[in-house]
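**Q** Throughout the sequence shown, residue numbering follows the working numbering, covering 3 to 194 in sequence.
I should point out that these hints are in silico values taken from the structure, not numbers from a laboratory.
Note that the structure is a prediction, hence the values are computed from the model and not measured.
Glycine included, C-beta positions come from ideal geometry on N, C-alpha and C.
Any given hint could be a false lead.
To be verified - Simulated DEER-style distance windows between Cβ atoms:
{"hint": "1", "residue 1": "P143", "residue 2": "R112", "range": "24 to 32 Å"}
{"hint": "2", "residue 1": "Y89", "residue 2": "P165", "range": "18 to 26 Å"}
{"hint": "3", "residue 1": "L37", "residue 2": "V151", "range": "34 to 42 Å"}
{"hint": "4", "residue 1": "P90", "residue 2": "T176", "range": "23 to 31 Å"}
{"hint": "5", "residue 1": "L115", "residue 2": "R157", "range": "18 to 26 Å"}
{"hint": "6", "residue 1": "P56", "residue 2": "R112", "range": "36 to 44 Å"}
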Amino acid sequence: MSELWHMEGGGTLSLREEGPRVHLEAARPDDGRGLYKAWVRGRQGSLLLGTLVPEAGGLRLRRTVSRSSLGQAGCWPVTGGNCVLTYPFPGAGGPGSVWAPEPLPERLCRDPLVKESLRGRSGFCGRRDGALCLLSAPFRPDRPFPIPVLFCLARVESRGGRPWLVWAFDLEGTPVLPRIEPPKGGHTEGAD
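Kindly produce the complete structure, drawing on both the sequences and the hints.
**A** This is the structure we're talking about:
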C-alpha cells in the first residue's frame, strides 16, 4: 500500500508498507534558506524522521520504521507530516524564524479552558521569541478554527506560501494581545 501527503511547511511525504515495516520518504524543493527537518504525524502524536539532505536538485529524507514504533509514538495510522525550517542559513531566514512541531500545545498555557481545548491536538508548531512562547497552526478556512476560545488573539502570518495562525503566551502561560502594526502609506481619513 502506498500513500502520499502534502506536508505542512511544504513538500511531500510518501509512505509504502512492506510487511511490518513502513518506508517513509520526505521531499521538498531546495530553497536555499537552511536545514529542514521532517516529522511524521498521527492522530495521537508526531515522530521526528530527521534532516532532509540535498539530492537531485531538491531536499530528501528516507527512513524505514516499524509499524509498532509508529504506533508507540501515536503516529499509526499516519495522517500526514510536517516540514520545518529548523536552522536558517545566515541572511536566509531572519531572526526568530525557527518553528518546530509542538506535540503538547497545552503546556504553553495555564488557563484551564484553553488547556482543555488543546489537549490531545496535533498539527501545532511552537517557538520562543524572547520572553514569549509562540504557538501556530495552519489556517484553513474550510476547517474549524483550531482554538475557538482564542479567536480574537490570533494573528495571521504567511509561511511557506500558506497562512498560519499565531498566538503568543508569556512565560507564565498567559495569552498576550497581538501587536497591531499601523497601516503603511499614511492615509488619514477625512483629511483635505
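**Q** Does each hint hold? Answer for all of them.
**A** So, going through the hints one by one against the coordinates:
1. Checked against the given bound of 24 to 32 Å, the beta carbons of P143 and R112, roughly 30 Å apart, stay inside it.
2. Between Y89 and P165 the beta carbon distance is about 24 Å. The supplied range of 18 to 26 Å therefore holds.
3. Between L37 and V151 the beta carbons are some 35 Å apart, a value that agrees with the proposed interval 34 to 42 Å.
4. Between P90 and T176 the beta carbons are some 29 Å apart, a value that agrees with the proposed interval 23 to 31 Å.
5. Taking 18 to 26 Å as the suggested C-beta distance range, the pair L115 and R157 conforms, at roughly 20 Å.
6. In this structure, P56 and R112 meet the distance hint of 36 to 44 Å, their C-beta atoms being roughly 43 Å apart.
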